[in-house]
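Q: The primary structure of each chain is shown beneath.
Number of protein chains: 4
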Amino acid sequence: MNSTGRVFRVSLFGESHGEAIGVTIDGCPPGLPLATEDFNADLGRRRAGKAGTTPRVEEDLPDIVSGLFNGHTTGAPLTILFRNMNVRSGDYADLRETPRPGHSDFVAYKRFMGFNDYRGGGHFSGRLTLCLVAAGVVAKKVLSTVTIEAKLISAGGSSDIEKSVAAALEDGDSVGGLVECRATGIPVGWGEPFFDSVESVIAHMAFAIPAIKGIEFGSGFAAASMRGSSHNDPIVDDTGKTASNNAGGISGGLTNGNELVFRIAVKPTSSISVKQNTYSIKTGKVEELKVKGRHDACIALRVPVVLEAITAISLADLKLLAGNRL
Amino acid sequence: MNSTGRVFRVSLFGESHGEAIGVTIDGCPPGLPLATEDFNADLGRRRAGKAGTTPRVEEDLPDIVSGLFNGHTTGAPLTILFRNMNVRSGDYADLRETPRPGHSDFVAYKRFMGFNDYRGGGHFSGRLTLCLVAAGVVAKKVLSTVTIEAKLISAGGSSDIEKSVAAALEDGDSVGGLVECRATGIPVGWGEPFFDSVESVIAHMAFAIPAIKGIEFGSGFAAASMRGSSHNDPIVDDTGKTASNNAGGISGGLTNGNELVFRIAVKPTSSISVKQNTYSIKTGKVEELKVKGRHDACIALRVPVVLEAITAISLADLKLLAGNRL
Amino acid sequence: MNSTGRVFRVSLFGESHGEAIGVTIDGCPPGLPLATEDFNADLGRRRAGKAGTTPRVEEDLPDIVSGLFNGHTTGAPLTILFRNMNVRSGDYADLRETPRPGHSDFVAYKRFMGFNDYRGGGHFSGRLTLCLVAAGVVAKKVLSTVTIEAKLISAGGSSDIEKSVAAALEDGDSVGGLVECRATGIPVGWGEPFFDSVESVIAHMAFAIPAIKGIEFGSGFAAASMRGSSHNDPIVDDTGKTASNNAGGISGGLTNGNELVFRIAVKPTSSISVKQNTYSIKTGKVEELKVKGRHDACIALRVPVVLEAITAISLADLKLLAGNRL
Amino acid sequence: MNSTGRVFRVSLFGESHGEAIGVTIDGCPPGLPLATEDFNADLGRRRAGKAGTTPRVEEDLPDIVSGLFNGHTTGAPLTILFRNMNVRSGDYADLRETPRPGHSDFVAYKRFMGFNDYRGGGHFSGRLTLCLVAAGVVAKKVLSTVTIEAKLISAGGSSDIEKSVAAALEDGDSVGGLVECRATGIPVGWGEPFFDSVESVIAHMAFAIPAIKGIEFGSGFAAASMRGSSHNDPIVDDTGKTASNNAGGISGGLTNGNELVFRIAVKPTSSISVKQNTYSIKTGKVEELKVKGRHDACIALRVPVVLEAITAISLADLKLLAGNRL
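Residue numbers (the numbering used here), protein chains in the order written: chain U, 119 to 444; chain P, 119 to 444; chain E, 119 to 444; chain D, 119 to 444.
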């Protein structure tokens with residue numbers, strides 16, 4: 119489904135090379151001050167143009183077509199559009215029947231019986247994360263007391279990220295990365311037992327971002343090697359503060375008053391200039407493929423602001439749900 | 119929310135030491151043959167009693183109170199009850215105001231304003247995974263062509279699992295583990311763009327299982343260190359088969375016709391006999407705590423069948439949703 | 119789907135002659151005082167045994183198996199079971215292939231491919247309204263300030279209801295009725311634009327009650343013959359009070375601070391002793407049928423408390439949703 | 119919520135005098151042929167300009183910004199925009215604090231704490247039914263075998279509709295109406311027990327249309343005066359065909375193979391030129407009000423195509439859900 123959230127409900131639409139992409143937020147509280155300028159910082163952080171990111175640069179000006187009046191949200195659905203301008207669909211024309219390895223091309227063709235808009239990955243494109251970032255800007259306003267910060271902590275296995283990316287670029291190749299997200303200022307008790315634990319909700323959203331292969335909270339995979347006596351976080355006061363934070367700020371699926379900490383693994387960009395083999399739907403044989411188009415050498419470079427956005431969207435919904443009963 | 123799934127919809131209820139726990143499956147297709155005996159194998163695998171698992175052993179006989187008639191599912195909601203018999207609530211009485219580190223005690227107290235049933239973790243208890251296993255038995259029947267198998271591949275960082283567990287037991291401590299799940303026989307195209315990718319849906323369910331700290335699909339966290347040229351899986355035929363399987367059987371969030379592979383990190387059991395510090399709600403001070411009750415030294419031992427269950431539940435829903443449009 | 123509501127979420131299960139029927143309330147606020155005795159009054163009002171109602175009388179003692187601890191709701195799912203005791207399934211055995219006119223027998227057989235539990239209407243039975251009444255008792259506690267009262271205002275077209283029912287009984291026939299519901303104490307602003315207007319939510323629930331054929335709010339069908347100058351209700355003060363109440367307490371789909379008023383039409387009970395024709399699935403011909411079993415001559419007699427229940431359930435959900443943002 | 123449907127999911131956004139209104143259909147099957155011209159007929163039927171309808175005429179050209187490629191639906195969300203062009207917001211400026219009787223002005227002000235876009239009713243405006251009609255055009259394509267037809271059968275209590283409307287117009291007043299909808303070609307078994315009966319789903323949608331005060335299926339309110347022996351519809355063949363159709367094509371909440379028949383009551387337009395009293399938020403007193411702006415004397419004239427649309431949307435969802443299990 120292209121919607122997520124129970125009361126702060128975010129819906130996406132659009133294809134990479136269609137007329138427009140967009141996002142609707144239903145259940146947005148009324149009275150939040152909001153202006154087009156508020157989107158500049160986060161959209162700018164997501165924007166390509168730096169070394170290691172695609173040369174396709176879009177201005178991506180948000181067009182708020184509903185839910186805003188006199189500079190405040192109205193409580194009616196807030197819809198934000200982004201027109202697709204800088205489109206070179208010709209680049210993709212011959213890919214329809216030559217599915218690119220690592221991409222959705224093949225599965226999309228099968229699932230949608232060949233009717234999917236295949237240009238630039240269509241509805242599966244990472245371009246739709248632009249809508250997530252826009253929704254995240256609004257979600258952050260709902261979370262006034264919460265500060266969220268994500269950053270790329272390694273690429274290609276190295277903390278010298280620039281060097282890793284430059285090396286991949288030189289080879290016409292791409293490289294993966296590790297992104298960490300931390301959020302402070304969250305009170306005790308957000309999260310909805312049994313199925314909508316904080317981990318469940320954030321992981322659900324995180325894996326909607328193309329290229330994410332793993333997620334871990336607090337001690338994460340290291341916990342599999344630990345003992346309880348060193349993993350348990352002793353509670354030290356009435357606010358729930360703990361002496362250590364192996365839990366990553368979550369106990370029993372609910373926020374526990376400590377810093378929320380999690381990390382995601384981003385795979386290397388699937389589009390590379392290096393030659394690859396793939397099955398051709400047209401010829402029925404394995405053929406050699408060289409992907410054209412403009413791409414990112416390290417998509418992880420652009421992920422942090424998207425990860426902040428999905429975190430904010432997730433938490434905004436959980437905040438409103440918790441407020442409901444407390 | 120205590121429900122999950124869109125058309126194959128699973129809802130849980132019950133507390134660890136209450137009268138009963140149970141599960142309702144709404145949207146279960148009519149005509150599936152089903153008998154009480156069908157639950158024996160999976161419930162047996164989850165059952166405690168082995169070295170490293172809690173001495174609290176329940177017979178856990180499923181009582182199917184609705185949705186079954188003449189040995190087949192009727193298409194009406196299928197509800198399965200498990201009475202809680204072997205309960206020693208006295209063990210927990212003094213824990214109400216002494217929240218155990220690593221447990222939900224503190225956050226549950228805050229979120230539910232002290233009205234939560236705290237005995238044995240109440241609604242947050244791992245005992246509710248019994249209901250997931252029962253729902254999984256039904257889900258596996260919906261997935262007739264699919265084979266799902268999960269196993270514990272390491273504990274305490276070692277593949278000699280028995281030795282790790284025995285050592286922890288000897289120290290009155292606990293130990294974490296790593297569980298891998300593989301599923302074969304899944305056709306191309308299950309999963310729902312944009313938000314309900316296969317990874318999203320499975321991760322959502324996996325993090326509802328208490329004690330899970332991380333999940334990774336295919337190459338997982340290793341992908342963060344890889345290059346695209348080695349990570350991309352070349353497609354080799356019209357069924358979508360790929361030469362390698364770094365994607366773990368998922369492309370663009372949809373199943374791609376290859377084996378589904380993922381791993382989860384299970385933290386060490388929070389209840390340990392070793393003394394710990396925690397904040398006492400009663401005294402307002404940090405006090406020393408020794409957790410009583412009967413517990414697992416390595417909860418990961420009992421996780422594989424639960425992981426199979428949540429995988430089956432997730433895939434059953436995605437199968438029915440995909441069938442809807444194909 | 120067998121669930122309704124977004125945050126106060128009610129799910130039904132069970133068949134008329136199965137082991138048990140039941141209801142789960144997910145999202146029930148913690149801390150509501152609740153005891154088995156609280157159900158007596160409403161369950162008693164629904165109970166059969168009066169002239170014009172079926173001789174099948176069940177004690178219908180609610181068994182609260184989860185979500186209750188120390189006399190209060192815990193905030194975890196509240197599940198209430200009713201065992202089916204007074205069952206005479208033999209009465210229905212030959213109806214499997216002789217679908218009764220006015221009943222769900224034929225459509226249930228087709229939709230569920232013959233696997234449905236046909237005894238006594240199975241999952242389609244009016245007996246499931248027992249679960250609605252039980253959920254209504256809890257919902258009324260959520261709505262502390264609101265008073266809801268429904269009553270039968272005519273049967274067979276006459277306000278002398280006893281006489282209409284007695285006459286139908288004498289003829290082995292049945293008769294329909296009109297039920298009116300009024301609720302006071304509702305503040306301005308409950309209801310969720312655009313689709314979840316108060317009328318939408320209540321009508322949705324009302325038409326889940328078997329035998330309901332129509333619903334009208336305020337002036338209702340009379341409005342189709344009126345002019346705006348006499349239909350509009352002048353607002354007279356800051357609480358939203360209006361001089362007349364043609365709107366039935368709802369403006370723009372939201373409660374407007376006035377009394378909520380609506381009426382429903384209940385069809386005559388489909389099961390009658392009078393001979394009828396129907397198509398036999400077995401013989402492939404139209405056959406004469408005389409419905410056996412124990413039935414109500416005027417099911418509308420038992421509807422008021424059910425209507426109050428669905429109104430309470432609907433309003434409880436809308437209250438919690440509105441509270442969310444106000 | 120501004121979304122409806124479980125698998126064919128329709129979401130609305132926009133305010134009457136904002137930049138645009140629109141609708142997103144998520145879960146639209148891929149491969150449906152669709153062109154802008156396909157909307158002409160139904161949008162034309164809804165359009166104003168005839169005697170008794172508002173002089174505000176909009177061209178209302180649909181702008182399909184996503185989900186369409188090479189003349190077919192792609193399976194990705196289909197979003198259709200309508201720009202608001204012919205807006206005279208000045209007409210409404212002084213109404214902010216003088217809520218019009220019969221309108222949502224007062225409740226919207228309270229619920230959204232004064233942040234709602236009050237111009238022309240904002241998000242509560244009947245203008246949003248334009249989006250429903252557009253979604254209905256797509257839904258009708260999903261329902262290839264089904265024919266739906268709605269018509270106004272009386273206005274102001276008379277079947278001489280033109281005369282009723284002309285008389286109201288002459289008096290600066292408005293008049294209500296009765297609209298009947300019939301649908302043929304629906305197979306047995308659509309509808310989802312227990313809560314999502316066909317009546318529940320259609321009524322839910324119908325009451326989202328502003329100005330609807332009542333709905334009845336088949337015999338409807340007349341059933342309250344009838345006896346079972348005359349109300350029951352004898353089944354005559356294996357397709358479920360019945361000799362009469364008091365059920366209106368629905369048994370046990372599921373379609374029964376006969377014509378679907380229902381009627382709705384439309385209240386007279388709330389905006390009238392006749393002077394009315396209302397409470398002024400500004401002065402705190404009851405004041406005389408004369409509503410300016412351009413309005414319909416009989417909004418029921420424009421309802422039939424909207425009613426067809428909500429019927430098609432409801433049935434499309436139920437068809438896809440039923441297909442899921444049959």
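Heads up, some of the hints might be wrong.
Treat identical chains as interchangeable: a pair holds within one or across any two.
[Unchecked claim] When the alpha-carbon atoms are kept at most 35 Å apart in a straight line, the in silico DSBU-like pairs for lysine-lysine are as follows:
hint: 1; residue 1: K269; residue 2: K281
hint: 2; residue 1: K359; residue 2: K403
hint: 3; residue 1: K168; residue 2: K410
hint: 4; residue 1: K400; residue 2: K259
hint: 5; residue 1: K400; residue 2: K359
hint: 6; residue 1: K281; residue 2: K403
hint: 7; residue 1: K269; residue 2: K400
hint: 8; residue 1: K410; residue 2: K359
hint: 9; residue 1: K259; residue 2: K410
hint: 10; residue 1: K168; residue 2: K403
hint: 11; residue 1: K259; residue 2: K408
hint: 12; residue 1: K400; residue 2: K410
hint: 13; residue 1: K359; residue 2: K393
hint: 14; residue 1: K400; residue 2: K281
hint: 15; residue 1: K403; residue 2: K393
hint: 16; residue 1: K393; residue 2: K259
Keep in mind that the hints were calculated from the coordinates and are not lab data.
Q: So, for every hint listed, does it hold in this structure?
A: These are the hints, each one checked on the structure:
Within a single copy, K269 and K281 get their C-alpha atoms as close as 17 Å, which meets the 35 Å cut-off; across copies the closest is 39 Å, which misses it. Taking the closest pair of Cα atoms, K359 and K403 come within 35 Å of each other only across two copies (13 Å); inside a single copy the shortest separation is 60 Å, beyond that limit. In this assembly of identical chains, K168 and K410 lie within 35 Å of each other by CA distance solely inside one copy; the values are 19 Å within and 56 Å between copies. With identical chains, the CA atoms of K400 and K259 are at most 35 Å apart between copies only, with a shortest distance of 31 Å across copies and 50 Å within one.
Taking the shortest alpha-carbon separations for K400 and K359, only the inter-copy value of 17 Å comes in at or below 35 Å, while the best intra-copy value is 61 Å. Taking CA atoms no more than 35 Å apart as the test, K281 paired with K403 passes in neither setting, with 38 Å inside one copy and 50 Å between copies. When the C-alpha separation of K269 and K400 is checked against a cutoff of 35 Å, the pair qualifies neither within a copy, at 42 Å, nor between copies, at 41 Å. Taking the shortest Cα distances, K410 and K359 sit within 35 Å of each other only across copies (24 Å), while inside one copy they are farther apart (52 Å).
With identical chains, the CA atoms of K259 and K410 are never at most 35 Å apart, being 40 Å at best within one copy and 37 Å at best between copies. For a Cα distance limit of 35 Å, the shortest separation of K168 from K403 qualifies neither inside one copy, at 38 Å, nor across copies, at 52 Å. When the C-alpha separation of K259 and K408 is checked against a cutoff of 35 Å, the pair qualifies neither within a copy, at 44 Å, nor between copies, at 40 Å. In this assembly of identical chains, the alpha carbons of K400 and K410 lie at most 35 Å apart only when taken from the same copy (18 Å versus 64 Å across copies).
Taking CA atoms no more than 35 Å apart as the test, K359 paired with K393 passes between copies only; the shortest distance there is 19 Å, against 53 Å inside one copy. For the homomeric pair K400 and K281, neither the shortest alpha-carbon distance inside one copy (40 Å) nor that between copies (55 Å) is at most 35 Å. Only within a single protomer do K403 and K393 lie at most 35 Å apart by alpha-carbon distance; the minimum there is 16 Å, versus 65 Å between protomers. For a Cα distance limit of 35 Å, the shortest separation of K393 from K259 qualifies neither inside one copy, at 45 Å, nor across copies, at 43 Å.
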